[in-house]
Amino acid sequence: MGSVVSCLFGWNPIDRAALGVLGAGQRLAKQCSVEHVVVIVGGASETSVADASKFADVVHVAEHPLLASYHSETTLTALTQIGRSLKPQAVLLGNEIYCQELVPRLAHRLGGTPGGDALSLNAEEGSVVITRTVYGGKALAAIALRRSPAVVWVRSRAQELPQPMSQNAEVKRWPLDLEPCSKVKLIDRHVEVQEASRLEDARVIVSGGRGLGGPEPFTHLQALASAIGGQMAASRAACDAGWVPPGWQVGQTGKKVSPQLYLAVAISGASQHIMGIADAKTIVAINTDPDAPIFQHCQFGLVGDYRQVVGPLRDKLVELLA
Amino acid sequence: MNILVCLKQILDPELPVRDFRIDSAGRDADRRGAGLVMNIFCANALETALQFREKHGGKITAIAFGSASAEEMLRKALALRVDTAVLVKHEFAHRPNPLAVARVLAASARKLGDFDLVLTGRESGDWGDGQTGGLLAEELGRPCLSFVDGIKADPSQPTDVQIRRQTDEGSDAIEASVPLVLTITNNEHNVPRIAKTRDVMQAFKQPLTQWSLSDLGLDESSLADELSSTEIIELTIPTKQTKCEFITGDSLDERIEGLAKRIVAVVQS
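Top to bottom, those sequences are chains A and B.
Counting from 1, one number per residue, gives the positions in the first sequence under the numbering used here.
Counting from 323, one number per residue, gives the positions in the second sequence under the numbering used here.
Read the hints as simulated data drawn from the structure, not as lab findings.
The reader is advised that the hints may include incorrect statements.
[Claimed, not checked] Computed beta-carbon distance windows for the label pairs:
no.	chain 1	residue 1	chain 2	residue 2	range
1	A	E124	B	D547	17 to 23 Å
2	A	K185	B	M523	42 to 48 Å
3	B	F414	A	P290	41 to 47 Å
[Unchecked claim] Here are a few chain B residues that sit away from chain A, every Cβ distance over 12 Å (derived from the structure):
no.	residue
4	S346
5	D350
6	R444
7	A498
8	M523
[What the hints assert, rightly or not] Dumping the calculated DSS-like pairs for lysine-lysine here, alpha-carbon to alpha-carbon at most 27 Å:
no.	chain 1	residue 1	chain 2	residue 2
9	A	K316	B	K565
10	B	K565	A	K183
11	B	K377	B	K474
A virtual CB, placed ideally from N, CA and C, is assigned to each residue, including glycine.
Only chain A is shown next, with the shape it has when bound in the complex:
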């Protein structure tokens, strides 16, 4: 009897991302007719454990003083111990950078197959099949992961929410045997964004691109964003140029966002950028070029120079929202 393991971290709350992992894990477990097992690595709060237990058959809390926060080697060792013992068909993680780092290594240690950025997961003929965008969003692939277990990080916020089970899961403590790692030492963890302002969770995003030409126009975009309670983002070109922090980057190699409103200013809309905003509900673009690819992906567009548009647009929005 196997299982599908959804892996969460105790240092994160059970937020939309975690619920997405639980939803994907629950559905896959049902398809495979196996137990949905949730593993919470690190010191989980009582609320987190209670929340997770609504959506699982078993919840394992794997606490250890060395797992108070993420450490590449120690966290991997912990997950390996758990994985080797549970022998699951699949292990699912979210799309945090830490998860992306863990997946290939964990898959290798468990003798399984790694997979990433899964939009959907299905059990077909004994294999887990994931779908994901490839070639910078130009194509969509369905890939079977033949060697069990499939170890996959999922596009967590794009996953449907889990359904409450008829009864809450049994909660168990998982004893871990860990030793401090002397080869990799965390010296400082620098936090730029607070949990509340994560781009992935933003409802409204205002984003600027190469067409802005420098860091200064972003201050005008910021004023516009503030007027509508939005958060700031940028295309890769703007981040690479150093105009704005790398954490603002949206796209294939940046954040994947799913806001109600994504306002793209002076962004041409290369497929790599579109990949990051595929889950946005409404995309609005302002661009000087009516043939810019971004207009093929947005609901509303305004052809114009941001220099003449952004200021008056902000004033108008303030007036309308007053």
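Chain A is already provided as a structure; the job is to place chain B on it using the hints.
Just chain B now, with coordinates in the frame of chain A:
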């Protein structure tokens, strides 16, 4: 320090959507007629290695596992003054997955000698698996840190490096002992440099080691377990296009007002 930089040649990501085709087998992009380039994160990794060598000395070996066309990319690496370039050449019927690639790269690394740092790009701009670095670390039995955007060394601690890696919330500063595998991401400090014309000319005369799988004691059957662990079931080009409503109006002010009203409707929904 000795640095191994793993490079991958990919279909040019700048290829317009309208020119993107899927091959006749329906399992990969059609490379015919399309430009091939060094994967951008690999170029960032190479730039990181070059900057590290400028400050701290050492040697850089560039390696690629791929088809004969990858030689062009390695010549470019030679033009950027890497010390050695190695091409492990094999024409597969289907694209090898990261598990297979990592095994070949690990066998190559062992044959080449001891490396303090093995760098890969964080992911590739084609299939974007983002797994090769982590798998390579496991094959070599070394720690791995990914999304690294800065490496420094302190001469007083010759076996340690100071690493900055990006996280979802910001960044981690890490001190780690070599040997290590690092996957490199982009930031404003590792934008790839352009080779000097003279070095480009020179690069074509420089030696470039070419190996086949058998030089590494491998062949397709010894990689069968890895190669068969994934299967592309389907590859399609999404056709979904949204009809954009261009805001109209006699004046720019009118159009801005029209846009503002629609934005307010979305924000308040």
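Going through the hints against the structure:
1. A:E124 with B:D547: 17 to 23 Å: Since E124 (chain A) and D547 (chain B) have Cβ atoms about 21 Å apart, the given range 17 to 23 Å holds.
2. A:K185 with B:M523: 42 to 48 Å: With Cβ atoms ~45 Å apart, the hint holds.
3. B:F414 with A:P290: 41 to 47 Å: At 43 Å between Cβs, range holds.
4. S346: Fine: 15 Å to the nearest Cβ keeps S346 (chain B) off the interface.
5. D350: Given a closest Cβ separation of 9 Å, the condition is violated.
6. R444: 8 Å, violated
7. A498: Check fails; 5 Å does not lie beyond 12 Å.
8. M523: Non-interface label stands for M523 (chain B): nearest chain A Cβ at 29 Å, farther than 12 Å.
9. A:K316 with B:K565: 25 Å, holds
10. B:K565 with A:K183: 54 Å, violated
11. B:K377 with B:K474: Given pair K377 (chain B), K474 (chain B) holds - Cα atoms ~9 Å apart, limit 27 Å.
Violated hints, in rising order: 5, 6, 7, 10; the structure is consistent with all others.
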